[in-house]
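Colleague: Residue-level listing of the chains:
Protein chains: 2
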Amino acid sequence: MPAVQGCVFDAYGTLFDVHSVIAACREVAPDAPALSETWRAKQLEYTWLRALMGHYEDFWVITEAALRYALRRHGLRLAPAQQQRLLEAYYRLDTYPEVPAALQQLRQRYPLAILSNGSPAMLQAVIAHNRLQEIFTQVLSADAVRTYKPHPAVYELAPRHLSIPKTALLFVSSNAFDAIGAKAFGFQVAWINRSGAPLDELGFVPDFEIQRLDELPARLASSP
Amino acid sequence: MPAVQGCVFDAYGTLFDVHSVIAACREVAPDAPALSETWRAKQLEYTWLRALMGHYEDFWVITEAALRYALRRHGLRLAPAQQQRLLEAYYRLDTYPEVPAALQQLRQRYPLAILSNGSPAMLQAVIAHNRLQEIFTQVLSADAVRTYKPHPAVYELAPRHLSIPKTALLFVSSNAFDAIGAKAFGFQVAWINRSGAPLDELGFVPDFEIQRLDELPARLASSP
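Taken in sequence, the protein lines are chains V and A. Residue numbers for the first sequence, in our numbering: 1 to 224. Residue numbers for the second sequence, in our numbering: 225 to 448.
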C-alpha cells in the first residue's frame, strides 16, 4: 500500500460521542440511554433510506425527524422547547476523552480532514464547541453532494478537496458501515471498534482495527 | 385518486412471517426471538448499505451474511449444516394466518402481484411452500434491477410489468420504510401495521393503515 499522506475522520461516533446527548435525555426520559440508542439508530437509518429514495434532506432535518420518532416510540411527549434543547445537544457533543491529544499528535505528521454526514452548520458548531478549529485543513460535508455515506460520491469529496489520491488517504471511522463503505470506495481504512463489536458482513474489511484513537499515531509510525 | 386496478404486495414481513424462523432458531439459541430480531434487522440494513455502496449481492447472499453477523453477535458457533438449516427456514416461512383467505378474496377483483427484495428462487420456494402459485399474476424481484427498496427502480418494476399506471396500483406492505418508499414513488399505499408501531418520519405517509390483511377487501369495496 502507498504511504499515508493524509487522514480523514468521520465525525459522529468517531471523534464526537453521540451518546453525550444522554445527559440532555435524562431531563425528559426515564430510560435515557434507550432513547439515545433509538434516536441514533433511526438517524442512521433515515440517512440510508432518504439517500436510496432520492429524497435528500440535510442531517439536521434527519436528526430532528429521528428524535420525533424516538420520542413517540418511547411514549414521550415534549414541549417544543424541550425538544429543541435535546436537538441542540448535537451542537455540543463531547469528543471521546483521548481524541484531542491524539489529533494534536497526528497533525504534526499529516493534513487532517473531517468527512461527515453532518450539515456544515452542525459540524462548525461541534468543532468550535470542542476548540478543534485549528486541527483540520478541511471539513467536508455530505451535504455538498446531497446524499449520504456509504454512497461513493460522499467519499469522493476527500481525494478531490485534499488533492491526495484515495489510496494514500487513511479514513478513520468507528461506524462499521462507514469503515466498510470507505474500504469499498478505495481508501486505506482504520476501524475504531470501541465496544469490541463483530464487524458487519458486507464483503469489505478495514485494513486494521484499533480500540481507541490514541493507538493510531504509533500504528502509523510503524508503517512505511 | 384513480380507482385501484391492481394490488402489489411486499413479501417478507407482509405476507410471510419472517419470525417463523424462530422455531428453527430455538434449536440453536437460548434467546431465539433476539437472534431472529438481529438477523432480520441486519438483513434489511445490508440491503440498504449494499444498494448505496453500489455493491449489489442477491437477497440470499445478504440473508446468509446477516445470519453470520447475528450468530457472532449472540456468541453462537454453529456447524455449517446447522447454519444451513436456519437459512433454509427462509424457504418455508409461514404466511400470517389471515393472508391466504384475504388473497383469495382480493383476486376475485384485481390482478395481484408480489414485488420483493427476495431473489427469484427464494420467492418461488416460499410461494410454493404456501401453495399460493395460482394467486399472483406476477412475482417481481428487485434482483431484476440489482438494487433494493426503497430505490425507485425497484418499485418501477410493478407498473412496467403489470401495464397499469402506478397511481392505479395499491402497494401493500407491513414494513414502514417500504410503505413510505412506495408512497414517495407514487403508488397508492396501504401500511399493515400489525404491531401498532409509530410511522417512521421520512416525509411521506401511506394513504391508509390497517392492522391485518383481511381488512383490505372491505376497505377497497368502500372506495370508488
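Because the hints were derived from the structure by calculation, they are not lab data. Source: prediction; values computed, not measured. Be aware that a few hints might be false.
What the hints assert, rightly or not - Residues on chain V that point at chain A, a partial pick, calculated with CB under 10 Å:
{"no.": "1", "residue": "26"}
{"no.": "2", "residue": "60"}
{"no.": "3", "residue": "61"}
{"no.": "4", "residue": "66"}
{"no.": "5", "residue": "67"}
{"no.": "6", "residue": "68"}
{"no.": "7", "residue": "145"}
{"no.": "8", "residue": "201"}
From the three backbone atoms N, C-alpha and C, an ideal C-beta is built for every residue, glycine too.
Colleague: Now, for every hint given, state plainly whether the structure supports it.
Modeller: Checked hints:
Interface restraint check for residue 26 of chain V: the shortest CB-CB distance to chain A comes to about 22 Å, outside 10 Å, so the restraint is violated. At about 14 Å, the closest approach between the beta carbon of residue 60 of chain V and any beta carbon in chain A exceeds 10 Å, and the interface hint on this residue is violated. With 10 Å as the threshold, the beta carbon of residue 61 of chain V comes within range of chain A, its nearest partner Cβ sitting at about 9 Å, so the hint holds. Restraint check, residue 66 of chain V versus chain A: the minimum CB separation of about 7 Å is within 10 Å; hint holds.
Because the beta carbon of residue 67 of chain V sits about 9 Å from the nearest beta carbon in chain A, less than 10 Å, this interface hint is met. With a cut of 10 Å, the hint placing residue 68 of chain V at the interface with chain A holds, because the nearest CB-to-CB distance is about 5 Å. A least Cβ separation of about 13 Å between residue 145 of chain V and chain A goes past the 10 Å threshold, and the interface hint is therefore violated. Hint on residue 201 of chain V holds. Least Cβ distance to chain A is approximately 4 Å, under the 10 Å limit.
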